[in-house]
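There are 2 protein chains.
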Amino acid sequence: MDQPLQDVLQVHCYGCGALNAHGLHIKSRWDRDDLLCNWQPEAYQIGHPGYVYGGTIASVVDCHCIWTALAQYCRDTAHSLTEGPPAVAFVTGSLKVDYLRPIPIEGEMMLRAHVIEASERKSIVACSVFHSGIERVTVQVVAVRTKLGG
Amino acid sequence: MDQPLQDVLQVHCYGCGALNAHGLHIKSRWDRDDLLCNWQPEAYQIGHPGYVYGGTIASVVDCHCIWTALAQYCRDTAHSLTEGPPAVAFVTGSLKVDYLRPIPIEGEMMLRAHVIEASERKSIVACSVFHSGIERVTVQVVAVRTKLGG
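Taken in order, these protein sequences are the chains called A and B. Throughout the first sequence, residue numbering follows this note's numbering, covering 19 to 168 in sequence. Throughout the second sequence, residue numbering follows this note's numbering, covering 19 to 168 in sequence.
If we strip away everything but chain A, and leave its shape as in the complex, we get (with noise of 0.2 Å):
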C-alpha cells in the first residue's frame, strides 16, 4: 500500500499534520479513485457517552476531504507530492456533515471520498464515514483552490 499522504507532505495542521504534536494525525491513501482513511478515536472523544464527539467526526473529514482535493489535482497534473506541495493548495469553503446514525467510540471508523466536481476554482468532494461496514455519516466539501504553496 502507498505511504499515506500526510508522511510524505508533512504540515503543522491539528487535524492531519504530521507536525503537529497535539493532533489527530489521520493518514489518507489512494484505493484505485477513492482516497480512504481509517481512524481510531480517543476514549475522549465522545458526545454522548459510548458515541464519537460530531465535532472530532467534523474534524477527520474536512482534513480528508482536502487532502482528496489536492491528491486528485496531483493525479490529474501528474505531480508527485515526493517533489513538495504542487502549485496550488486547497481549503475549507464549505463543510456540510449529515449525522444518519450514531458512530461508537470502540473501534476504527473509515472514511471513503472522492471528487464528483472539479474547476478551476474550487473542487467539490464528497466523503462517507462507515462503522462496522455500516454508513453513519455523509459530507460534502467544498475546496477552494488557492496558490497559498501548500
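Simulated from the structure, these hints should not be mistaken for laboratory data. Any given hint might turn out to be false.
Copies of the same chain look alike in the list, so a pair counts if it fits in one copy or across any two.
The list that follows gives simulated cross-link-like pairs (lysine-lysine, BS3-like), each with its CA atoms no further than 27 Å apart [what the hints assert, rightly or not]:
#1 45 / 165
#2 114 / 140
#3 165 / 140
#4 140 / 45
#5 114 / 45
#6 114 / 165
Treat the numbers as computed from the prediction; the structure is a model and nothing was measured.
Starting from the known structure of chain A, arrange chain B on it as the hints suggest.
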C-alpha cells in the same frame, strides 16, 4: 451575567462537557434572544499556521448550536436547567459551516446563535462566528429532538 449553561447541566461531551477532562469546555450564555459563546483556542489548534483549524471551529459551533436549541426549548417550556435536564435532548442531524474568512489563532472568537425555526421534531439554529468584530464563519445546524433524557 447568568452562569454558563454547561456549568449548570454538566455532561461528558468533548466539546462542551464540564465533566470531560480533555475537552474544549465551551461556555454558552443568554444575551437577550441569542446565545453567546466566547472561546479561546489553544496555540496548536491551527489549520494553516496562524489560523484556527476549521475542524475546531466546526466543533465549537456544533456544541453551541445544540445548546442554543436546548436553551430555547427550556425558555419556551419554562423549564430551568437547575432542576436537571428537560424531557427532551437535541442531537446534531446536520451541520453546515461556511468559512468566509480565516480566524486568527490569537485572541477570542465570539459565537452568536439563535433558533430560526422549531417544530416537534427538530430545531434549526443559525450561528455566526466573529473575531475582532468581523464575521468570519456562518453556520446552520439541524438539531433533532430526541428523548435521550439529556
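Cross-check of the supplied hints:
1. Taking identical chains as interchangeable, the C-alpha atoms of residue 45 and residue 165 lie at most 27 Å apart only when both belong to the same chain, with a minimum of 24 Å there against 36 Å between chains.
2. Both within a single protomer and between protomers do residue 114 and residue 140 lie at most 27 Å apart by alpha-carbon distance, with minima of 15 Å and 18 Å respectively.
3. Proximity of residue 165 and residue 140 under a CA criterion of 27 Å is satisfied intra-copy only: 12 Å inside one chain copy versus 41 Å between copies.
4. Taking the shortest Cα distances, residue 140 and residue 45 sit within 27 Å of each other inside one copy (23 Å), while across copies they are farther apart (35 Å).
5. In the homo-oligomer, the alpha carbons of residue 114 and residue 45 lie at most 27 Å apart both inside one protomer (21 Å) and across protomers (24 Å), since each shortest distance falls under that limit.
6. Proximity of residue 114 and residue 165 under a CA criterion of 27 Å is satisfied in both settings, with 24 Å inside one chain copy and 25 Å between copies.
Checked against the numbered hints given earlier, this structure breaks none of them.
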